[in-house]
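Please put together the full structure from these sequences, using the hints given.
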Amino acid sequence: MSDRDDERMLSLFRGELDAEALDALLDDAERDPAVARRLADWQTLAGLAVDEHVEATRESAFAAFHARLGQAEAAQSSQAAQTARPDKAASDGVDGSATKRRGLSETPEARRGPRNGGGLGRLLARCRRWLVGEGGGLRPALTTFAAAVVLAQAGVIGWMLHDRDLAQGGASVVYRGGGNPCEQAVVSLAPGATVDGLMQWLGLHNATMLGPDENGRFTLIASDPAALRALLADPQASALVASRQTAPATCAAGH
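Residue numbers in the sequence shown follow my numbering, run continuously in steps of one, and reach 283 at the last position.
Just so you know, these hints were derived from the structure itself, not from any lab. This one's a predicted model, so the numbers in the text were calculated from it and none came from an experiment. Some clues are possibly wrong.
Using C-beta positions, here's what the derived DEER-type ranges look like [said to hold, decoys possible]: (1) E242 / E58: 46 to 52 angstroms; (2) A254 / G225: 18 to 24 angstroms; (3) G220 / E44: 36 to 42 angstroms; (4) L54 / P219: 17 to 23 angstroms; (5) E48 / A258: 30 to 36 angstroms; (6) D55 / P219: 41 to 47 angstroms; (7) A64 / A261: 34 to 40 angstroms.
Backbone N, C-alpha and C fix where the C-beta goes; we use that ideal spot for every residue, glycine too.
Set out below in structure tokens:
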């Protein structure tokens with residue numbers, strides 16, 4: 029493998045290869061086992077780069093996330109028990125959040141094997157520099173995927189569904205990302221939802237997912253209302269989505 033081949037691999041990773049160049053690379057991989065092995069190495073490198081960034085930001089991300097949960101929980105406790113002292117309700121919410129946060133921090137995580145050294149190590153560094161955009165955030169194409177990975181690794185999806193009920197009390201729906209609200213659906217994920225299952229389901233319908241919001245819900249975004257209906261009617265949806273927020277009245281006729 030030459031430096032030029034590695035440049036092609038990096039261009040593939042960045043999404044910069046046109047159709048002709050991509051076909052040429054795949055043809056080379058079919059003819060040359062060394063190129064095929066290098067492609068497999070780059071798949072591993074991409075996973076390592078994403079995992080490394082997610083792990084580095086996991087603690088701060090969850091601290092902010094649980095702080096928001098604690099604030100929402102304290103506000104609801106205060107409304108539900110007006111006779112209780114406000115400082116006690118707020119304390120209960122914060123203590124509960126802190127307890128959950130300690131539990132999550134102790135959750136064991138699967139670790140990848142030793143990193144490749146030498147040339148592959150240098151290539152991983154290049155992948156990492158490209159993957160992480162300015163300001164330390166993942167590039168937009170990977171933001172949804174990385175968020176889903178963080179949630180799955182910490183086991184927080186099932187916890188949000190079963191131990192917290194912050195969606196009660198007539199909370200309003202905030203449609204994120206702009207666009208037509210009839211192309212969006214706010215959902216709670218099923219306890220058995222996995223990253224692989226979600227990515228396969230969303231990819232099949234060319235849809236995206238944003239979230240979670242302060243109530244632990246996610247926003248599905250399709251290309252048009254018909255595509256959203258097809259997404260939710262897919263048999264896979266029943267295993268991935270536990271509930272859906274009521275659609276706007278203006279969209280009722282189409283659902």
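Structure-based check of each hint:
no.	hint	result
1	E242 / E58: 46 to 52 angstroms	holds, 49 angstroms
2	A254 / G225: 18 to 24 angstroms	holds, 23 angstroms
3	G220 / E44: 36 to 42 angstroms	holds, 37 angstroms
4	L54 / P219: 17 to 23 angstroms	violated, 39 angstroms
5	E48 / A258: 30 to 36 angstroms	holds, 32 angstroms
6	D55 / P219: 41 to 47 angstroms	holds, 44 angstroms
7	A64 / A261: 34 to 40 angstroms	holds, 39 angstroms
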